[in-house]
Structure formats: C-alpha cells, structure tokens
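So the chains spell out like this:
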Amino acid sequence: MAQIIGMPKLGFDMAEGTLVRWVMNEGEKVSKGDVLAEIETDKATVEVESDYDGVLLSQLVKQGTVVPVNDPIAVIGEAGEQVDLEALLGRSAGEGKPAPETSAAGKPAGEEARPTQVEAPAQVPAAKVQEGAREGYTASPLARSMASELGIDLSQVTGSGPGGRITKKDIEVYQAKAPVIAAAKPAAVTPMPFVAPAQPFIRETHNVPLPKLRATIGRRMSMSMQQAPHFYVTHDYDVGALLEQRAEINRLLPEDDRVSVNDFVVRAVALALLEFPNLNASLDLPNNTLIYHGEINIGVAVAVENGLLTVVSRNTDQKSIRQISAEVRNMVSRARQGKVRSEDVEGSTFTVSNMGMYDIDQFTAIINPPEAAILAVGSAKQVPVVDNGEISIGSRMKATLSIDHRISDGVEGARFLQALAKFIEEPLRLLI
Amino acid sequence: MARITMREAISQALWEEMERDPNVFIMGEEVGVWGGSYAVTKGFYDHFGAERVRDTPISEATIVGAAVGAALTGLRPVAELMTINFAFSAFDHIVNQAAKLHYMFAGQMEVPLVIRTVSGGGRQLAATHSQTPDVIFAHFPGLKVVAPGTPEDAKGLLKSAIRTNDPIFFIESATLYQSRGEVPDGDYLIPIGKSKIQRTGKDITLVTYSKMLETSMKAADQLAQEGIEAEIIDLRTLRPLDMEPVLESFKKTNRAVIVEEGWRSFGVGAEVSARIYEQAFDYVDAPIQRVAQKEVPLPYSRDLEQSALPQVEDVIRAVKEVL
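Protein sequences, first through last, are from chains G and A.
Heads up: the first sequence begins at 1 in my numbering, then just goes up one per residue.
Heads up: the second sequence begins at 1001 in my numbering, then just goes up one per residue.
The following block holds chain A by itself, in its conformation from the complex:
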C-alpha cells in the first residue's frame, strides 16, 4: 500500500491502462504538451507520444464527438473535459450519441468511451465554472456515471471504466486532487455500480459521494466525539445506483442524511431518499434530511462561495435534526 494523492491515483490508472492496451488513448484541451489543466497527464506526452496523447482545439463538442467516433471504430478513447461545466457544449454527443448508439443500433456496436471531467466548486471560479451538475448526466439511461471520493476508488474505478465497453462519464472533484489515501499496489479493479461502506456506525446513515465523502467523514469524526456513530455509504457510482448497502444500513439505523455538493432540487438526495421511502418505509423513524448546495448560482466571493457550499457543520446540524 502506498499513500498517494487522488491526482497520482488517476494518473497511475491512465498510465497503467495505456501501457496495458495500445488502443487506449487520451484527448482533450492541454492534456499533451502542458500535461493537463490539473496536471493529471504530466509526462504522458513525452512517454506515449502525440498520437496517443492528443491536444485538441477548444471545442468540447469536437472532443466528445471525435471520441465517440474513435470508440465506434474499436479504439478506447479517454476524453478529458476540463470541467463538467463545458460538458454542456458537448451535451448532444454525450447523452444522445454516446449514451444511445449501442441501444439504437440493437447492440451492433459498442462505445467503449471514458469521458473524464472535473466537477465541484470551492476554488473561486465563479458561477459558470463551479457547478456540480452530476445528476444531470445520471438522468440518462445508457450512460454510467462514476464519481469516486478516495484515491483507491478513483484508480480502481477508472481502470474498470477504461476496460468497460459502455460509455462512462467519470467525474473527478476539483478540490480532491490533493487529498491523500492508501492505494493498493499493482493492478487492481473496482467494479462500477457498487456502493461502499466507508465508515461503520449504528446511529445514523450518511449517504454521499465524491467531495462530500470527505466532508461527511469529518462530520462523522466530530459526531463521534459526542458519541454519535455515523455510518457512511459512498455511492461511488450514480448510475447504476447501488442502494443495497444504503438500505441495509438504513434498516439498522432507521435515520439518514444524504449529503451532496450539488443543488438540492431533483438531486441525489431526492433520488436516494425516495428509494429509501419506497423500499424501506417501515424502517423510517424520522424524516430523511438532505444536505446540499444553496439554491443559488455559486458566488465568486470566497466567503459567499463557502457559505453556499455544504460544510461539515451543515452535515452535523442535519444529523442532529434527524436524531
């Protein structure tokens, strides 16, 4: 086990998969010579060459459109969108092409495509560059949406994503690249579509993913000092959504708080809590609470931005409200 950053974990996954399979290649803005906006592909250009590490024009529609085409011909592209906010420019290619081709052509072709992108706020990038619209992409059948919260999961899930024959929308968190965690040595995979218990507890179930896993873990540490044991379920994949560990945990604790970075309306909290009410109604002992971003475009001002984003205190407050 090595203790590495999320950035290193993702970089390792890409590197290892490119070494393993010559069909894997990277394309995106500044991924080559510059080494990636978040330095994830630093050194790749020199090692793998311009053909497999392709700098593209500033046109997300082109990046995804070309990647879909490459995937249809049998290559395994990893397309990078600098932020998820730019994915809207490529929306048709993502949700209408990538997500549907396999279905609409009756399985005659597959789209083994990974779209890597960066979501989340907290870096003072203002309203249009700081969004967390993850759920929008999870709305579409045909697309798998993965959003890891730890280096170990990021590496194992990205490697699985690259080897999967379905289009994967792989969401990384802008403020998690520096976070560290233990990562197993050597080649390992983590299956897509499996939630994971990241912390065990008996008093309340926290359901979360990505950046908010970190926030929830901190909240759980503080709650533990007050004798409240929170169990944390990391969804890791938004579609397909694995409710099994959530329901199991909820049947034990009977109380839940869903923590997400995006807006509350129509969000992950809405989906997860609805499923709990549907599938574990007789185990509900208190209304399920949701912690989410304030329903405003994210402000530029640091203080305002932080007050709009869900914080550790918000999670603690919600937990106490439910208990």
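The shape of chain G in the complex, shown without the other chains:
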C-alpha cells in the first residue's frame, strides 16, 4: 500500500523547506534509508530519506518548490501499484480528524449491542493507537526511558514494533551498533581552515540573489545586535602548557585524530560554565523568564560556503577532548559538504568562535541568539613576556567574551574568563 513522504521538520522553528534537488527519479526502486531528495532549510541543505521500501511512484513537487513542513512531497509504493492519489492525500491531510463515532463493534454509537451479539473485543490494534504521534516516531515507554538514560536520539532509531514502534529490542540493537559507528574511521577531512573558492572579479556591476544562509545569518545577527546589549571582556591567556600538552597528546594519536587548540578551548569553556550557569542561560523576554539550560552544549562556529554555521557538541562538559574533537570534526566535515544534520546545528547553549587559524590577534563576536554569551578566540602567539622584571618568550592567546547585558554583567564576565584561565593555563585539569 502506497505511503506518503512529507517535508520533514528538521528544527523546532522550521516551517518550510525548499526541495532543491530530486535524487531519485519516479519509477526508481528505493529502500528504507535511501536518499530521495535534498532540501534546503534556513540553516543547511539536508537529505530526505525514505521511510519505506518500494518504488518512488510520484514526485509531488518540482525542484525549487518551497514546501510547508509535513506537506507531502513523494509517494512510495509497490511497482505498478495504482494509487488513488486524492484518497491517499485526503487521508494524509485528514489525519488528526476524529473518526466517525462508532462503537467497538462498528455500529453507530448509541445502538447498544444486544446480549445475543458478540461484542468485538474492546481492543484496538496497537499500531492504530500510535498513529500520528507528534514526534514523527512512536516508542514504548520503556524505549523512551532507555533512550533518555543512554542519551539516544529516538528519531535516529528504527522501530520494529507494530506501526514502527521503537521497542527495547530496537534500542539494544541501536546501542550495539553505536560503538561500531563511533569506532569507524572518520572520513578524511582537512579540518581547518576553510578557504573559499576564489571568486573571479567581474568588471561589471551585477546582482545575485542573497543566498539563503547569508540571509539567515543577516537576520539573526541583526536581531542579536539590535536586541541584545553586547559588552565585551578580553583576557590574555598563557597557553604555553596547553600547546605543549597538545603536542604531547598528538604524538600519541593517529594523524586523523589529532586534536586542535580549539578542542581544548571548547572543553575548558564547558567546564568553566559549570561554575557559571548564568552564562549557560537564555532570556525568554515575552515571559520575563531566564531559562537555565540543564545541559552544556557548546556551539562551534564553522566557516562554510556563503557563511557560517555553528555545529553543536552536546553535554560537552562530560566528554573528553578526543571525543569532542572527533565529533566536531565529523560535524564540520558534514557542514562543509552541505550534508549537515539538524541535530548538528540545533541546541547550543554557548558558542565558541575561534579565528586562531587566521592569524587574528583578537576580535569580538556577535552573540548567537538566544544564548547569553559567545567567546571569540584569537591566535596563540609567541610574545615577549615581562615577569618579575625579566623579559622572556611566552605563548599567549587572547579571548574576548561578548555578553548580553540583559542576562549578566561585566564582573561575571571577568570572573568567567578567570575561571577559564584555570583550565586553559593548567590544562591537566581538562584531562581529569
């Protein structure tokens, strides 16, 4: 029986997406998990995978069409299947409408079953009950509690129960696979820096449409600058020990797994934030409420074609530098290939923007709303250091914290940078 594929909702504020390219043609055989099309959202280009096995019977929208979330884009069914599209779409659109009231026995409500008639068991197939679950998947309570304990994103798990319900078994299977995925060698990528393709200069004034990502960055940064009163605090960090330790660690690691200065900084920030929940908060202005986030998810700003994205390391305070390094490297790689996943870019609670690789002394960053602060990190440089009347050569790195004055004040910013010093200047603390 034919199934509808809808425009996926890839972020909590995603209302529509542009179908930029069909990957599969009508009539092609598809398996569950195959990429059907690419869609562009505010933030990235992502792939739409098939939820079903079968044949792509119909592409319902043309390339370039803007489609509201959940609206149908494709029909998957069996080869040669005659599909009553209207009926199928009608059913899809009618979801959520109450079914006509009938008793369990299928008779109109009110007509009592006579005692001589066997009432159908007052039991509804489980799959039916679960249909139309809000999250786009169904999971048993046990699967849910297991997933939350193990930190598994249920939308990534394939359900084997009735109606695709995710059960304990599916979580166990997913768990069993997970380490394999983690252990798999990450695709070889050159992590830093991103060099934009040289753009030829055309000696004639001409117009190009503003790329979507550029427009989004513009909108969000304007909003941040206009609404969040920024102020800035800068600190000069002694990174001698950190650089030594990094060199030592990298001697032990395969080339592809080497950690960057930024990986150290990201972990240091996460640990410092444990002492400054106020800087791991968001302002909910309409409700006069401060939201203190229960997780420390560090966003890392990444340059990509046409702009930048922040990829998000989750629960960063609970991860090792090597873990942070690996996951950020993978997300950066996806981001630069335009294959970013929604969870790669959603949910950061504090952002680090590092321009160290571009030989920048220092800079100030615009807060990534609705976060409370952002840390702008410059290059680590050898500089003359005056200590006790003696001049020696030291390694220094400047970092500037931009803070939303509606949430915090200068003193807290200064204390945060001092707390950060503890981790950056005594990097052993990052390993324990």
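These aren't lab readings, by the way, just hints derived from the structure by calculation.
All the given hints hold, so there is nothing to weed out.
When the alpha-carbon atoms are kept at most 30 Å apart in a straight line, the in silico DSBU-like pairs for lysine-lysine are as follows:
1. G:K9 - G:K32
2. G:K319 - G:K398
3. A:K1252 - G:K169
4. A:K1202 - G:K177
5. G:K381 - G:K398
6. G:K177 - A:K1320
7. G:K32 - A:K1320
8. A:K1251 - G:K177
9. G:K177 - A:K1252
10. G:K169 - A:K1218
11. G:K169 - A:K1196
12. G:K177 - G:K319
13. G:K169 - A:K1251
14. G:K319 - G:K169
15. G:K169 - A:K1320
16. G:K169 - A:K1202
Among chain G residues calculated to face chain A with C-beta under 7 Å, some are:
17. L142
18. S145
19. T167
In this text, a Cβ means the ideal position worked out from N, Cα and C, and glycines have one as well.
Could you slot chain A onto chain G? The hints should help.
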C-alpha cells in the same frame, strides 16, 4: 508430598480445621446427607454430625445471613453457596453485612466467616449458572476474595481463611475439582494476599488465577516449544491484590498478558494492567493484552460455550501479539 485432586485438597482442609477447632462448622445446600453438590463434604455428616454439618433450605440469603450471625457470636462458619451465581441472592448479606460490620461498629466485633462458592463455566450449565463474576466481590473493601488455582494453594489458603477473623469469599473453580497436584503433608498454611510465581520465564509475564492458571500453564508449555519463556504469576487472592511479584516480573519482561475467565470489561485484566501502567510505566515495551471471556452471556451449546471461554490458543495468540 501426596498427589491429590483439588476436591480432596479442599475436603482435607475443611476436615482438618473442623478436627482442630470445634467452633468451625459447615452449612449449605446438600452439604450434609448428600455430601455436597461437588462431593467436597462427603463423609463429613457421618463423622461430625448434623449440628456441625448443617443442611439448609434453598435460600442463599438465609445461609449467609445466618452464617454472619453465627460468626458474630464467635463461631467460625464455613457457608457453602452451590455456585457463585446464587451469591447474588445473598448479595446484601455478603457486601453490606459481612464486609462492613467490623468497620461500622468500630472493630467491636469480628466476622470470622468463610463463604465457599463455585465459579466458572465450561460445564454446559447455561447463562445463569456458568458465570465468573469474581471481580464483583473483589470490588468491596472489607471482603477478602481468594481464588486458588492449585490443590496445594487451595488447601493452604482455605485453612488460612478459616483461621482468619475477617470475612473471606473463597472461590473454587467448577472445572478444577478433578485437577491434581502435589500437596505438602500435614498441617500447613498459605498466607492470604500473596501472589505467587507459578512458572519462571524471561520473555513475557502472564498474570492469571484460578482455572485460567491451568490454561496459562498449557499455553506456556506450547510457547516454550517455540522458545518463548513465559513467567506466570498466580494472583491467588483478588483482594487484597498483591502486585509485587507482578511488577517485579514485568520489570524483567516488559510485556504482559492478563488472563481471566470472566468478562474483559472492568475485569481483573483492567485492574492489573492499570496498576502496571501506574507503577511501572517506564518499563512498558508493548501494550498490555487481556485475554477474557467473550462479552456474551455464556451459551449452553458446548461448542459455543467453549468458543466464548478463553482457551489456550487465545493466550498464545495474545502473547504473540505482545512480543
């Protein structure tokens, strides 16, 4: 250990308790000279005499009413109702008098009464004589409702019931009297209000009691051949309901089927599954299934009656649906 029938086990319990305590006496229809409709009290009349084995008129209200009065005066009556269907005639005495006197008179008096009765279908006794309305009696606080599924439990629980100072509604299954099982030698008691694991397994929890224990055990045997290990919890007592072993088992298997002979609506399955959802929600991996009697008055025709009663295949089907 002796291997005896359920009938013998119940009979032994009565006999032993009557020998032990002269205050224990039996009253009911045909319990004396005839030896009981199900032959449970055969020989009692000759041994204990007409005063302690009393034949009564065909009036259930009288039997229970008189028994309540006797219990209030300090005797320990065991009143027999030929079938649970006739308990409706004595309903007021059971749920309004026996179940409430201790409470309403602030504990000044106790009602050490056992009402033995026979429940269940499957003997072609037609709609009014074949019901399994056990849960109705379990609805009332003040009444303890016991319904054993094995000879061992029947004997130990009945002896406990007779020695308890609360009114006990003791339900026997019409089609279990011939079933056999090992029974410990000598005097032993089984506490009222304790569920029991009758079979261990790891894949699914079957919760059941009385006649359906037998059905569930057979289903479990067949399931085992397919590699499905069912754990069977026998409730043994409907009130107070001991959920501890059920929850423990469910937390292990995450899946359950409740099997009862009575109707599904408002039944044991409804109660037990609701409690599982309340108390072990985060362990639920699939909707809990209920196996119960079809929602019709039980037919007289053998085939129709059997098709309305829950069968081994129904249990197996439900288990597979849940797994």
